[in-house]
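Residue numbers (our numbering), protein chains in the order written: chain A, 1 to 460; chain B, 1 to 189.
The hints are simulated quantities; they were obtained by calculation from the structure and are not laboratory data. A couple of the hints might just be wrong.
[As the list claims (entries may be wrong)] With a straight-line Cα cutoff of 25 angstroms, these simulated DSS-like cross-link-like pairs (lysine-lysine) come out:
id, chain 1, residue 1, chain 2, residue 2
1, A, K39, B, K134
2, A, K73, B, K20
3, A, K54, A, K39
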Amino acid sequence: MRVKAKLYPKEAARLLREKPGVRDAVTGATLHFEAGRKKAYQEVDAEAWRERAKRVKDHLLTHLDQYLELAEKRLQEKGVQVHWAEDPEEAHRILREIVARRGVRRAVKAKSMLTEELGVNPLLEALGVEVYETDLGEYLIQLLGEPPSHIVGPAIHLALSDIQRLFHSRFGTPLDASPEALAAVARRVLREAFLTAELGISGANFLVAETGTLVLMENEGNIRLATSLPKVHVAFVGIEKLLPRLHDLALFLPLTARAATGQRLSTYVSLIQGPAKEGEEGPEEVHVVLVDHGRTALLHDPEAWEVLRCLRCGACLNACPVYRQTGGHPYGYVYSGPIGAVLDPGLLGLEDTHPLPYASTLCGACYEACPVKIPIPKLLLTWRRRAVEQGLAQGWERAAIQAFSKVMQSPSLYRLFSKGLRGLPLPQDWLPLLRAWTEGRGPLKPSPKPFHQLWQELKE
Amino acid sequence: MEAESRILSRIKHALKERPKALLPEHPHPALSQDPRELLLKRLAENGAEGHLLDEEGVKRLLANLAQGLPGAAYGKGVPAALRLLPELPPEEAPLGVSRALFAVAETGTVALSSEDGRRAQLLPPVHLVLVEEKRVYPSLLEAFLDLKSLPSALGLHSGPSKSADIGQVMVKGVHGPGRLVVAVLQGTW
Ligand code: SF4
Numbered sequence: 001m002r003v004k005a006k007l008y009p010k011e012a013a014r015l016l017r018e019k020p021g022v023r024d025a026v027t028g029a030t031l032h033f034e035a036g037r038k039k040a041y042q043e044v045d046a047e048a049w050r051e052r053a054k055r056v057k058d059h060l061l062t063h064l065d066q067y068l069e070l071a072e073k074r075l076q077e078k079g080v081q082v083h084w085a086e087d088p089e090e091a092h093r094i095l096r097e098i099v100a101r102r103g104v105r106r107a108v109k110a111k112s113m114l115t116e117e118l119g120v121n122p123l124l125e126a127l128g129v130e131v132y133e134t135d136l137g138e139y140l141i142q143l144l145g146e147p148p149s150h151i152v153g154p155a156i157h158l159a160l161s162d163i164q165r166l167f168h169s170r171f172g173t174p175l176d177a178s179p180e181a182l183a184a185v186a187r188r189v190l191r192e193a194f195l196t197a198e199l200g201i202s203g204a205n206f207l208v209a210e211t212g213t214l215v216l217m218e219n220e221g222n223i224r225l226a227t228s229l230p231k232v233h234v235a236f237v238g239i240e241k242l243l244p245r246l247h248d249l250a251l252f253l254p255l256t257a258r259a260a261t262g263q264r265l266s267t268y269v270s271l272i273q274g275p276a277k278e279g280e281e282g283p284e285e286v287h288v289v290l291v292d293h294g295r296t297a298l299l300h301d302p303e304a305w306e307v308l309r310c311l312r313c314g315a316c317l318n319a320c321p322v323y324r325q326t327g328g329h330p331y332g333y334v335y336s337g338p339i340g341a342v343l344d345p346g347l348l349g350l351e352d353t354h355p356l357p358y359a360s361t362l363c364g365a366c367y368e369a370c371p372v373k374i375p376i377p378k379l380l381l382t383w384r385r386r387a388v389e390q391g392l393a394q395g396w397e398r399a400a401i402q403a404f405s406k407v408m409q410s411p412s413l414y415r416l417f418s419k420g421l422r423g424l425p426l427p428q429d430w431l432p433l434l435r436a437w438t439e440g441r442g443p444l445k446p447s448p449k450p451f452h453q454l455w456q457e458l459k460e
Numbered sequence: 001m002e003a004e005s006r007i008l009s010r011i012k013h014a015l016k017e018r019p020k021a022l023l024p025e026h027p028h029p030a031l032s033q034d035p036r037e038l039l040l041k042r043l044a045e046n047g048a049e050g051h052l053l054d055e056e057g058v059k060r061l062l063a064n065l066a067q068g069l070p071g072a073a074y075g076k077g078v079p080a081a082l083r084l085l086p087e088l089p090p091e092e093a094p095l096g097v098s099r100a101l102f103a104v105a106e107t108g109t110v111a112l113s114s115e116d117g118r119r120a121q122l123l124p125p126v127h128l129v130l131v132e133e134k135r136v137y138p139s140l141l142e143a144f145l146d147l148k149s150l151p152s153a154l155g156l157h158s159g160p161s162k163s164a165d166i167g168q169v170m171v172k173g174v175h176g177p178g179r180l181v182v183a184v185l186q187g188t189w
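Take these sequences, add in the hints, and give me the full structure.
Structural data, given as structure tokens:
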């Protein structure tokens, strides 16, 4: 997909200006998810679960070559065809070959962030294959021609009225149709697609090395259908998605569900071992495409490799006050929010994603939420330091930080400046550094008392 | 093949200097509650219906569900004695009846094998799942540790199909069954 991460601050400001409704929709949805996660974490010893999950993933990642070889062997024993792709071009070649050999005209797709990375839909369309996204949210944004704006809830930026208008123009439903009625229309269209598609495409939440098991989590049932009804199933799996043992799922399935949606377990989990056996319903062919696309480079990075533990649960997005303002679109790549801010530079290079590590308040909420304890704030600072080292950060930032540290190190200078600055009239629209901020918000007001005075009073 | 060896050799190179992390064991806390009771409770919390029944009870439940229906789709493992309705293809059947491989109490889950038949598990709007009481595990961990072999596909179902993608409103029965009924069967079948 085209990367537009460089435009982050401009796009965020534009979205706040042009689509003010998005902020309400995203804030509402993320607060709901976040409350669910908090409650679900409280029911268990979340700290122990997270620590154990982190350690399982670290073990996996520090033995990744061995587990990949084991997984390949197990998959092949069950009759799964295993492919490897370094980049989108190789992934395309593999998919093109399957489409041609099986004469595929119609495909049903399960939501998957990796297939977004690889641009699977544009490829299939170019090949003349009709593609249906079958996750309801994903189907909505496919109809709108938009990319997903959240890892778990791709359409959370849409209000009910947006969807009512969309379905009215597409399917002639009334403008005040209920969510049930709209879902029923989508169900009818997609049920037909499930029953007639020759190809089902999915990602994977996990791939268990010990047993060669593909694991997919969902609530709607579309993934079970997409991997059961078509004659061919192709799963794209990032090489970091492995788990060592089958029983690790007893930790990772509930932990991921609790982090993502506050559930004890997702409604449907598919554990797929291979094509259907004699006399059984199910696909004749199952393909697993193991994809690198920047992951080995990240593994090599001694400071940034920890992001590879990520389970794509979206909890850090829900916890993030910055993400909540705009949703995922302004981040300009598949992965948005806090994880996007540290994963995208790792996958694509800092050059193309530079402002993203700055899209955070460093409040630490993302770290608290993360089921595998990825130290996102620390990684944000790592990427910011590198941006300064590589001369990507703007000159004023370097100068400002130098001046700031001078002032902060001297109590008398600090007092002088805080007094002086509070006396100045605050510029509202002409100061270039603040324009993106002030345009979407009310006027800035200085606090009536300086911070050190407030602090003194607080202590007394 | 080429991509595989390139990727694997890059990984080996990346890991050369890195200390290896140990693989932790998962603790195994015992459940104090009767797993059957907990299963029913959790199913209800998940928006499904659970019943603990003897043979007569199951027949009554089935007769109730079958009222006014022209037929049902059946999984292979459903005993002949419980096929009260004429068999219909799953695409047309208003009711699917399957037999679970096992159930998990702590999460309110039934595990359905592809050997039983996947369409009856997914296509009808109502899904009745039969599971023997001795196949109810307290936890996911115990169920996974006990699994000797895996079918080509195992589906863990923990409630009715649902989505909140339209304006954050919860809608049931989006793609899969909107109603899940689980009958835990007393005794052996
Ligand atoms: S970084 Fe952590 S919280 Fe964010 S998506 Fe990944 S696993 Fe979830």
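Hints and how they fare:
For the given pair, K39(A) sits about 32 angstroms from K134(B) by alpha-carbon distance, which is inconsistent with the 25 angstroms threshold. For the given pair, K73(A) sits about 23 angstroms from K20(B) by alpha-carbon distance, which is consistent with the 25 angstroms threshold. For the hint pairing K54(A) with K39(A), the CA-to-CA distance comes to about 21 angstroms; that is within 25 angstroms, so the pair holds.
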